[in-house]
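J.: Sequence:
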Amino acid sequence: MLRRLERLGARFGPDAVNAVGALPFHTVAGVNGAGASGALAFVGAFVNVTAPAAGRRLAGSAASGNVDVTDNDGRTALHYAARGGDASGVRWLVDAGASTDALDLSGDTPLALGLRSDQRHLVLVFAEYGGAPLTAVVRAGRTDVLRDLVLLHGNGSLSVHQQDPQTGRTALFDAAELGRLEMVTFFVEQGADVSHLDLSGLSPLGAAASARQGAAARRLLEGGADANQPQANGSTTALHLASEAGCGACVE
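With full-length UniProt numbering applied, the sequence shown covers 1 to 252.
Note that these hints are calculated values from the structure, not bench results. Any given hint might turn out to be false.
[What the hints assert, rightly or not] FRET-style restraints, in silico, Cβ to Cβ:
| hint | residue 1 | residue 2 | range |
| --- | --- | --- | --- |
| 1 | T236 | G141 | 27 to 35 Å |
| 2 | L199 | G156 | 21 to 29 Å |
| 3 | Q166 | S117 | 19 to 27 Å |
| 4 | L221 | N48 | 47 to 55 Å |
| 5 | G224 | L199 | 18 to 26 Å |
| 6 | A45 | A232 | 27 to 35 Å |
| 7 | S235 | S117 | 43 to 51 Å |
| 8 | N72 | Q190 | 37 to 45 Å |
| 9 | H121 | P165 | 34 to 42 Å |
Owing to the predicted nature of the structure, the values given are computational and were not obtained by experimental measurement. We put the CB at the ideal spot given by N, CA and C, even for glycine.
With the sequences and hints as input, model every part of the structure.
T.: Put into structure tokens, the structure is as follows:
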């Protein structure tokens, strides 16, 4: 692959976009083996992206070049790599500083987009870099993937207690907020903390109440959640939030 790319080098400039605004950096990222073969490094050079030294991960302002450049759909090269299922490409891009939380215009993170293509093996790859990959599984509505991965790896990298470092939320919050009842039940059965407060001071029950997810709220209450647990500033409870949201089913 790399030798072919080298022969076509003149076509890989920063203005060489296709009909959806994708650069060669995007399209090559979606090819299996692009990270391991050196193909990503080759096309990455055209957008000033280089891989960091072995064992080193770039992030934030240190991210390499235009690693998060997007196409017309708001997708980064990491979105393409995840959709294509290439673990080597995912690792190469994240090590170069690609954001694992980048949202495309449909609201999908790279992992969420990968899950839409059933690239479930990438959940473990993204878990290597922290964050909360189970949240992407919940948002994708993949109860089957959630069960399989947690039952296999719940004592390690995919614990139900894993928190998103930016929000302090576990995946249970998203399941409750989206009303994914089967997932809420599974998390409770696996020992997820129904009383955990995120960085804004909200509990899973508070999240369900605010989103008017009555069935999820009831399941959390059955699992031990306290309707009178202080939320946010300490003067609000899940009952108050349910009332404010007009969720009669949450307070029955």
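J.: Run every hint past the structure and note whether it holds.
T.: Going through the hints against the structure:
no., hint, in the structure
1, T236 x G141: 27 to 35 Å, "holds, 30 Å"
2, L199 x G156: 21 to 29 Å, "holds, 24 Å"
3, Q166 x S117: 19 to 27 Å, "holds, 25 Å"
4, L221 x N48: 47 to 55 Å, "holds, 53 Å"
5, G224 x L199: 18 to 26 Å, "holds, 22 Å"
6, A45 x A232: 27 to 35 Å, "violated, 48 Å"
7, S235 x S117: 43 to 51 Å, "holds, 46 Å"
8, N72 x Q190: 37 to 45 Å, "holds, 40 Å"
9, H121 x P165: 34 to 42 Å, "violated, 23 Å"
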